[in-house]
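Chain U is already provided as a structure; the job is to place chain Y on it using the hints.
Protein chains in written order, with UniProt numbering: chain U, 1 to 466; chain Y, 1 to 466.
If you are wondering where the hints come from, they were derived from the structure by calculation, not from laboratory data.
Be careful, since some hints might not be right.
Identical chains blur together in the list; that is why a pair holds if it fits in one copy or across any two.
What the hints assert, rightly or not - EDC-like cross-link-like pairs, simulated, lysine to aspartate or glutamate; straight-line CA separation at most 20 Å:
hint, residue 1, residue 2
1, 375, 127
2, 375, 172
3, 175, 363
4, 175, 366
5, 443, 363
6, 421, 447
Computed from a predicted structure; not experimentally measured.
Protein chains: 2
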Amino acid sequence: MATMASLFLKTPGPSQSLPKTHKTHFVLPQNLPLSWRSKYRAGPAAVRIRCGLIEPDGGKLVELIVEEPQRDLKRRQALSLPQIKLLKIDIQWVHVLSEGWASPLKGFIRESEFLQTLHFNSLRLGDGSVVNMSVPIVLAIDDSNKNNISDSSSVALVDDKDNPIAILNDIEIYKHNKEERTARTWGTTAPGLPYAEQAITHAGNWLIGGDLEVIEPIKYHDGLDRFRLSPAELRDEFTRRNADAVFAFQLRNPVHNGHALLMTDTRRRLLEMGYKNPVLLLHPLGGYTKADDVLLEWRMKQHEMVLEDGVLDPETTVVSIFPSPMHYAGPTEVQWHAKARINAGANFYIVGRDPAGMGHPLEKRDLYDADHGKKVLSMAPGLERLNILPFKVAAYDKTQNGMAFFDPSRPQDFLFISGTKMRALAKNKENPPDGFMCPGGWKVLVDYYDSLTPSENGRVPEPVPV
Amino acid sequence: MATMASLFLKTPGPSQSLPKTHKTHFVLPQNLPLSWRSKYRAGPAAVRIRCGLIEPDGGKLVELIVEEPQRDLKRRQALSLPQIKLLKIDIQWVHVLSEGWASPLKGFIRESEFLQTLHFNSLRLGDGSVVNMSVPIVLAIDDSNKNNISDSSSVALVDDKDNPIAILNDIEIYKHNKEERTARTWGTTAPGLPYAEQAITHAGNWLIGGDLEVIEPIKYHDGLDRFRLSPAELRDEFTRRNADAVFAFQLRNPVHNGHALLMTDTRRRLLEMGYKNPVLLLHPLGGYTKADDVLLEWRMKQHEMVLEDGVLDPETTVVSIFPSPMHYAGPTEVQWHAKARINAGANFYIVGRDPAGMGHPLEKRDLYDADHGKKVLSMAPGLERLNILPFKVAAYDKTQNGMAFFDPSRPQDFLFISGTKMRALAKNKENPPDGFMCPGGWKVLVDYYDSLTPSENGRVPEPVPV
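This is chain U alone, in the form it adopts within the complex (with noise of 0.2 Å):
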């Protein structure tokens, strides 16, 4: 990660010292002075005013973080409460939950907000008001667990070495229905959903709701830490660098000269609309992955490339990591893709073909229609603050050598190259035409799918996103 390394290197001081032509996409986490974290948390609807970035859910971003001083208290506090041994997974959603991504919550759901999220995807506030929150982020236990808590009103969530996380407080437990969970989150309950095999099949028959304090950061010292910038984070980035419009890009696959185009295109259109200094979030989601899914490493070792290459332009792209575990839920998880980037200052949200889709586990077909994501994330409960930018359709022009907008004018001009065929060709170490994708980015790709090491029955392992 040497290269990454220097990247951060070019990001050194606080913000407000830095020129506003500074050029560094990949930034580094700001060490806000503490007064002016006060003074965001004390009142932050003037800073963000100020800034002109889009309030987040609920008016306040929540974080959950314990201040230092308090640290040792708390995990003096932690040892003496019932605790409950966090997976991978859970730990993300700590993470998610700890920097506000999920704001107004204040922690893991309860019953109430459970069933707001599965029958209505949003949420009513105290004061009327609607939120959108369109997947359960629950945290479930099993019979033990919740015997083991018995009348404690808070307990303590460790990490497999029972080195505590977080303390839950106010406590409330409920019954975990998989099925009417599964059901009404997915649109199915066949087998195979790759999240539902990951963390609910096998988990416990409860759902344990309650309000978070997080004992430090959620950090994953895998060499990434540094580029993943919490909401508040990345809202200054925005404001040192000026920008009067944000506009998300929510990845999980390599970058193709076809989403360049398109993004590059959207800041065109934004200028056009008369904003001065649209900035790109590209914004690749770093939680749980299904197995065939390129690993973030790789995806972020390859999002560098394409930024080197000069495909995208540094001086008006952030790069940073989603922290959020990936559903698989299409149109229901879109929204909740859509609604934590408000949460980090995005007003404008780019959605493509079916977004967050797969196929059906056991049918030959997409789970989900390939526009209802759109469709749905443009009608959605509490997003309406949110501009929705559908993805034109790009593909590759053989008259032009390169990605285009598609032409229905000419369909005979264009090639499609699915992600299928991409992987395929990565795989064999055969070229894509030539512009399909930046020649650093490509050659990332095929070294990931080397290092695969086919096993001794000469398949190639699949590798374990987390």
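Showing chain Y alone in chain U's frame:
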């Protein structure tokens, strides 16, 4: 049905001429003068504010029945259009839509409404306001229907004898993803859901939405049509009675004294709240029900006996039939049941344990948590105007020989008589404890099971409700 007919005869004329103390509870559809109808259509808000009744969803009661002078024209027009044959359950939905129970829907829903219903249980209107819509009111067609429609923008909906029922205009045809529809509506895809087996599993792979023109009021000619008051007719009846609060009780089972106690107690509470004349809408569901539910005809006889025996006060009770088919979709469906009653003028809704619930088709448990229905209902978007009255638990109090609200301080004094137990007693011609149900009502139930003569193999044939 002679006794029922005679009850009707007690309600002779237009509402304006009736004395306010009029005691009939089974009310005739009011054949309102056309001038009044027109006024209602032109300015419903003024009428309703005068009446003190709750506004229909969307501000205006939608009625889709063609006026008499145009009916022949529409019948002829229907002959020239591609035809779609309706099932009995489809006709029930046409009935529901035609009278405005689903206001502001103007017909079978199109895809954008379908997606909002499945994902959000609500629809956003053009003015930004939100109405509840939890159950997708759709019409399924198969490939040959679709091919036959070709590029026509209207279709004729016909009954099994090819009589035109309605014209559907401005049609939109979209995919019928049965698995997703079922999963998101019921929270399960287990085979054996009665409505799914009746109307989804064998239905076509397309849905057709559009605006309905219903050629004449839907009638069933089963001796019960006169009990089927439309929302407009019910609103007129409540106005005639000077109701200042209307509390609706949805049911599809015989009324026992526990129900009666609850309804009487609700009226008492409303009087305590300061209402002068709260009126009960006792509103049995009249559309499709599963095979082991008591047939509508017998339920109506039973309700009549309950009123004749004086268990409920006829002066403050309106009994009418709700024409909707039953989904048995628990927390999803209870929202529909409540929303439709808003359109009929009810501003209070009584919700019981496990509303619209049933046993899981495959597992030995209830499909829904018994408390989820009332919780979901109390949080549902678009139902904020409706007052939800949770059902107090009534049971047989052995110390009083009658039904009473359960007192948790002396559980040993109470006997819970389940629906299964009640049906078993009636089938065996045994009597329940004195005071469980009025004798006339119980006799109807015993007669009903007696009428289900065992067939030659000794098994009681299953009644077919539609």
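Exercise. Would you list, in rising numerical order, the hints stated earlier that this structure does not obey?
Key: Hint check: 5 fails alone, others pass.
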